[in-house]
Structures are given as structure tokens and as C-alpha cells.
Amino acid sequence: MNTTLNQTQSQPTAAQNRRVEYLTPLANILETNDGYLLEAEMPGVNKDGLDITVENGELTIVGHRAPVENRGREVYRESRSFDYRRTFELDPSIDTTKVTAKIDQGVLKLHLPKAEAVKPRKISVHD
Amino acid sequence: MSLIRYQFPELSNRSSFDHLNSLRDEMSRLFDFSWPSRDTGLFSGWSPSLDVWDDKDNLVVKAELPGLKKDEINLSLHEGVLTISGERKHEVEKKEGQSFRSERYFGKFQRSVTLPTAVDATKVNASYKDGVLTVELPKAEEAKPKQIAVNVS
Numbered sequence: 002m003n004t005t006l007n008q009t010q011s012q013p014t015a016a017q018n019r020r021v022e023y024l025t026p027l028a029n030i031l032e033t034n035d036g037y038l039l040e041a042e043m044p045g046v047n048k049d050g051l052d053i054t055v056e057n058g059e060l061t062i063v064g065h066r067a068p069v070e071n072r073g074r075e076v077y078r079e080s081r082s083f084d085y086r087r088t089f090e091l092d093p094s095i096d097t098t099k100v101t102a103k104i105d106q107g108v109l110k111l112h113l114p115k116a117e118a119v120k121p122r123k124i125s126v127h128d
Numbered sequence: 015m016s017l018i019r020y021q022f023p024e025l026s027n028r029s030s031f032d033h034l035n036s037l038r039d040e041m042s043r044l045f046d047f048s049w050p051s052r053d054t055g056l057f058s059g060w061s062p063s064l065d066v067w068d069d070k071d072n073l074v075v076k077a078e079l080p081g082l083k084k085d086e087i088n089l090s091l092h093e094g095v096l097t098i099s100g101e102r103k104h105e106v107e108k109k110e111g112q113s114f115r116s117e118r119y120f121g122k123f124q125r126s127v128t129l130p131t132a133v134d135a136t137k138v139n140a141s142y143k144d145g146v147l148t149v150e151l152p153k154a155e156e157a158k159p160k161q162i163a164v165n166v167s
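Chains as they are written, first to last, in our numbering: chain A, 2 to 128; chain B, 15 to 167.
Bear in mind the hints are in silico, worked out from the structure with no lab data behind them.
Even glycine gets a Cβ: it sits at the ideal position worked out from N, Cα and C.
Heads up, a few of these hints could be off.
Unchecked claim - Here are the in silico distance ranges between beta carbons for each label pair:
1) A:Asp49 with B:Ala135: 31 to 39 Å
2) B:Thr131 with A:Thr98: 51 to 59 Å
3) A:Ala118 with B:Ser141: 30 to 38 Å
4) A:Thr33 with B:Ala154: 19 to 27 Å
5) B:Thr128 with A:Thr98: 31 to 39 Å
6) B:Glu40 with A:Asp105: 26 to 34 Å
7) B:Ala135 with A:Thr88: 44 to 52 Å
8) B:Ala154 with A:Ala67: 16 to 24 Å
Claimed, not checked - Chain B is faced by these chain A residues, among others (derived, beta-carbon under 7 Å):
9) Asn29
10) Glu32
11) Thr33
12) Asp35
13) Leu51
14) Pro68
15) Arg72
16) Gly73
17) Ala102
18) Lys103
19) Lys110
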């Protein structure tokens, strides 16, 4: 029950020694005509806790949880208090200068527009 | 005498399911692949995680419910059982185009928790922020810890 609290007390495995623990946020990715819409679930994270970077064609989203005040004795626990982190490989067609992000009730929404050059274009036919 | 399953000392505080979960996390990290989250029960679509805290005067129940609207969450308290239910609806109408990943769950959910002490149902307070529902349930007077003065005559 006390998984999170016991993490520090129990013998850390070799893997735990090497890195910080993160949760992988669940994500949906949808392609639209203009680009991609990426949604990621990060309950407990607000705007200030977000860290979004694009580097070497990879998008990394990190969500730090807003600090929670101590609420007394823990009776039952299922949630895990680690921060969130996930990396996605970006399609080369995405214009990384125009990526926009917002977070609403713990769901991050990233809009990744395609560069103008690769958008489908209708070509009119002259007489 | 009671029978207690023998556990290896280093595992004592963690259930075997915790180990399964951490193995799953390791696998996810290796392949940058997300297994259906631990929130997803085996038989139900979505089972949001619940925490219960006990400070002296209140029970506090927290549930991770990302991406809902306030009025999509229903709370009920009946005979000491708090039930959180609701439905998460698709916000984006099915647009043309291809779905690359679809890990989020949409649809109905319900969780119930038996409260460990009696609470005053008329003073329950709930708030929803950053996708986390927090329900504060003040303990009933008879369930609060009391100082009893001892008179020595």
C-alpha cells in the first residue's frame, strides 16, 4: 500500500540507483490536416510544472507535480507521486517553431503544426 | 495463532503486484511504449487511483481524474461508502486523419471506498483542480479523538 513511501526505505535496485523515477503519461496522438494533436494525462501538474523541449527531432515532455501539503496519516494509497516524463520522436514535417501547448485539468494538449511546405495543397487547374 | 504467508524480508512492505507494476514500468521505459496504465483495471475500462488520508478532524479522499469537467463528476455517500463516478467524453470530435496512439480511456468510471470512520455527511466539501479531485469529509463528532481528563481524587 505504501509503495511510494517505502521506496526510500527498501533496498533500492540497481536500476533505481541510476536514475530518477518517472511515470509515463498516457497519450493520444491524432493526425489532422494541419498537423498533429498530442494529448497526455498528467494529473496533479499545472502550467508552472511543465517542461517541454524539442531537441534533435525529439519532443520531451516533463510534468512536475504541484506540491501537495501533508494531509495527515496515509490510510490507503494507489497514486504514485513521481513526476511525469515521456519522449516522442517528431516527424520531420513538423514546424517546431510553431508548437503550442496548454494544460487543462491535468491533460496536456500539444498542437504540432506541419510546415507549410508539406501541407496538402489544392492546385487549381487553369483553362 | 494466525497463519501469515512467509515473505522475503526485502519484500516485506511491497505486495507482489507492486513488483509487477515496476517491471511493467521498466519495460515501458525500455521500449518507449506505454502499457495500459495501472489505472486500467483488468475487467473495467478505467479505474482512477484513489488515496485516503486521515488528519485529525477530516478524512481526505483524492482521486486522479484528468480531463474532466466539474459537472461530469458525481459523488455520493451512502452508509459510510463514498462513491465517485462519472463519464469522460471525447472532446475532440472524430476528425479526419489517422490516430497514432490511443492510450487514454474515455467512457464511464466508478470507484467506491469504505470510509474508515463515521463522517458528517452534511459538511462534505469537494474540489477539482489540475485533474485531481479532493474530497474533504469532516469526521462525525463521536469519531474524533478526544482528550479525557482524569480526575484524581
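Quick rundown of the hints versus the structure:
1. Our hint of 31 to 39 Å for A:Asp49 and B:Ala135 holds, since their Cβ atoms are close to 35 Å apart.
2. Evaluation of the 51 to 59 Å hint for B:Thr131 and A:Thr98 yields a pass: the beta carbon distance comes to about 56 Å.
3. A hinted range of 30 to 38 Å is violated for the C-beta pair A:Ala118 and B:Ser141, which are about 47 Å apart.
4. Between A:Thr33 and B:Ala154 the beta carbons are some 53 Å apart, a value that contradicts the proposed interval 19 to 27 Å.
5. A beta carbon spacing of about 53 Å between B:Thr128 and A:Thr98 contradicts the range 31 to 39 Å that was offered as a hint.
6. At roughly 31 Å, the beta-carbon separation of B:Glu40 and A:Asp105 lies within the given 26 to 34 Å, and the hint holds.
7. Between B:Ala135 and A:Thr88 the beta carbons are some 46 Å apart, a value that agrees with the proposed interval 44 to 52 Å.
8. A beta carbon spacing of about 31 Å between B:Ala154 and A:Ala67 contradicts the range 16 to 24 Å that was offered as a hint.
9. The closest approach between the C-beta of A:Asn29 and any C-beta of chain B is roughly 5 Å, which is under the 7 Å cut-off, so the hint is satisfied.
10. Interface hint at A:Glu32: satisfied, since its Cβ lies 4 Å from the closest Cβ of chain B, which is below the 7 Å cut-off.
11. A least Cβ separation of about 5 Å between A:Thr33 and chain B falls short of the 7 Å threshold, and the interface hint therefore holds.
12. With a least beta-carbon distance of about 9 Å to chain B, the hint placing A:Asp35 at the interface is violated under the 7 Å criterion.
13. For A:Leu51, the shortest C-beta to C-beta distance to chain B is roughly 11 Å, which exceeds 7 Å, and the interface hint is violated.
14. Interface hint status for A:Pro68: violated, as the beta-carbon distance to the closest one in chain B is roughly 12 Å, over 7 Å.
15. Contact between A:Arg72 and chain B, as hinted, is supported at the beta carbon level, the nearest pair being about 4 Å apart and thus within 7 Å.
16. The interface hint given for A:Gly73 is met, as the beta carbon of that residue sits about 3 Å from the closest beta carbon of chain B, less than 7 Å.
17. Interface restraint check: A:Ala102 against chain B, minimum CB-CB distance 15 Å, threshold 7 Å, status violated.
18. Nearest Cβ of chain B to the Cβ of A:Lys103: about 12 Å, over the 7 Å cut. The hint is violated.
19. Interface hint status for A:Lys110: violated, as the beta-carbon distance to the closest one in chain B is roughly 9 Å, over 7 Å.
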